[in-house]
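Each chain is listed here by its residues.
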Amino acid sequence: MPAENRTTAEPFLWLLFSAGGVVAALALPVLLVLFGVAIPLGWVDAPDYPHMLALLRNPLTRLGLLAVCALTLVHAAHRLRFTVEHALRLRRHDGIIATACYGGALAGIAAAAYLLFAAI
Amino acid sequence: MISPLEARYYRRRVPLLWWARRRSYLTFMLRELSSVFVALFVAELLFLVGAVAAGPSAYARFLDTMANPAMIVLNVIALAFLLMHAVTFANLTPRAMVVRVRGRKVPSRAVLAGVYLGWLVVTVFLAWLVVS
Chain A
1 MPAENRTTAE PFLWLLFSAG GVVAALALPV LLVLFGVAIP LGWVDAPDYP
51 HMLALLRNPL TRLGLLAVCA LTLVHAAHRL RFTVEHALRL RRHDGIIATA
101 CYGGALAGIA AAAYLLFAAI
Chain B
1 MISPLEARYY RRRVPLLWWA RRRSYLTFML RELSSVFVAL FVAELLFLVG
51 AVAAGPSAYA RFLDTMANPA MIVLNVIALA FLLMHAVTFA NLTPRAMVVR
101 VRGRKVPSRA VLAGVYLGWL VVTVFLAWLV VS
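Order-wise, the sequence lines are chains A and B. So the first sequence is numbered by this note's numbering: it starts at 1 and just counts up by one. So the second sequence is numbered by this note's numbering: it starts at 1 and just counts up by one.
FYI, nobody ran anything at the bench for these hints, they're computed from the structure. Note that the Cβ used here is the ideal one computed from N, Cα and C, for glycine as well. Keep in mind that a hint or two might mislead.
Said to hold, decoys possible - Computed spacing ranges between beta-carbons, pair by pair:
id	chain 1	residue 1	chain 2	residue 2	range
1	B	Arg102	A	Tyr114	45 to 51 Å
2	B	Thr65	A	Ser18	30 to 36 Å
3	A	Ala118	B	Ser108	42 to 48 Å
Unchecked claim - Stretches of chain A that chain B covers, calculated by requiring three or more beta carbons in the stretch to come under 8 Å of a beta carbon on chain B:
id	segment
4	7-16
5	19-27
6	42-49
7	54-65
8	94-100
Claimed, not checked - Computed from the model, here is a short list of chain B residues facing chain A with C-beta under 10 Å:
id	residue
9	Met1
10	Pro4
11	Leu5
12	Phe37
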């Protein structure tokens, strides 16, 4: 088969990378400021347990948070794959690195789905 | 003069840490490294969901862990990377897509203003959701 007719998953992965990048940029900084800095330092009172439970049991929150986790993890996996390959010049090991990165993302998505739809 | 055969097999040697040699390359690498911190923070969010699922005492332990000084330092570093990601990604938008209104191209400054306004709206909404 000629190389130019080969179908690959790359365009689809770049689409997910881009979508995940937008979601990560929009949604993650505020959550990190809250849970990582402002609440631990006492600038903002921690939300009480019933509020958190009600929030996370809301179907819209579950779906939204799962989408955020899935897209940002695929984004991070895709970017990390090329960062490792370029930074350490390991392009020849693309198969292993890509498997590890996307495999890790899929494991994270599975964990998110379990936590949001079965555990809570 | 080198022979065509030699030229064909010539490979320029690239040092292993090629990106450490020039500031712009280093910035590029740091920006790409933001992906590690995106994944790290998603893991923290999943720990939060797991703690809330496990009950009030697990949630309290999660808050204690997040208040550990080492954790706060790590999260401040992660925040710097996440903001770098957010700003560089937002600034790419006018180059990545051309917005047209009635056949006229919207100036990239207006597109950028829209992106940052959207960011603000999402930020305020999520903060309200968590804190209120």
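Checklist entry - With a Cβ-Cβ cutoff of 8 Å, does the segment 7-16 of chain A contain at least three residues near chain B? => result violated (count 0)
Checklist entry - Holds or violated: the segment 94-100 of chain A covered by chain B, criterion of 3 or more residues with Cβ-Cβ distance under 8 Å? => result It is violated, with 0 qualifying residues against the three required.
Item to check | Given hint Pro4(B) near chain A, where the shortest CB pair must fall under 10 Å | outcome: violated (24 Å)
Checklist entry - Quick one: are Thr65(B) and Ser18(A) within 30 to 36 Å, going by C-beta? => result Given range 30 to 36 Å: holds, Cβ gap about 33 Å.
Checklist entry - Was the hint right that Phe37(B) lines chain A, CB cutoff 10 Å? => result holds (9 Å)
Item to check | Supplied contact hint for Met1(B), tested at 10 Å Cβ to chain A | outcome: The hint is violated - Met1(B) has no Cβ within 10 Å of chain A, the shortest such distance being about 30 Å.
Next on the checklist: Assuming the hint says 45 to 51 Å, is it satisfied by the Cβ distance from Arg102(B) to Tyr114(A) or not?
Outcome noted: holds (48 Å)
Item to check | Hint check: 10 Å Cβ-Cβ cutoff, Leu5(B) to chain A | outcome: violated (24 Å)
Checklist entry - Within 42 to 48 Å or not, the Cβ separation of Ala118(A) and Ser108(B)? => result holds (45 Å)
Next on the checklist: Under 8 Å between beta-carbons, do enough residues of the segment 54-65 of chain A, three at least, approach chain B for the coverage claim to hold?
Outcome noted: holds (count 4)
Next on the checklist: Is the listed coverage of the segment 42-49 of chain A by chain B valid when you require three or more residues with a beta carbon under 8 Å from a beta carbon of that chain?
Outcome noted: holds (count 5)
Checklist entry - Are there three or more residues in the segment 19-27 of chain A whose C-beta lies closer than 8 Å to some C-beta of chain B? => result holds (count 6)
Checked against the numbered hints above, the structure breaks hints 4, 8, 9, 10, 11 and satisfies the rest.
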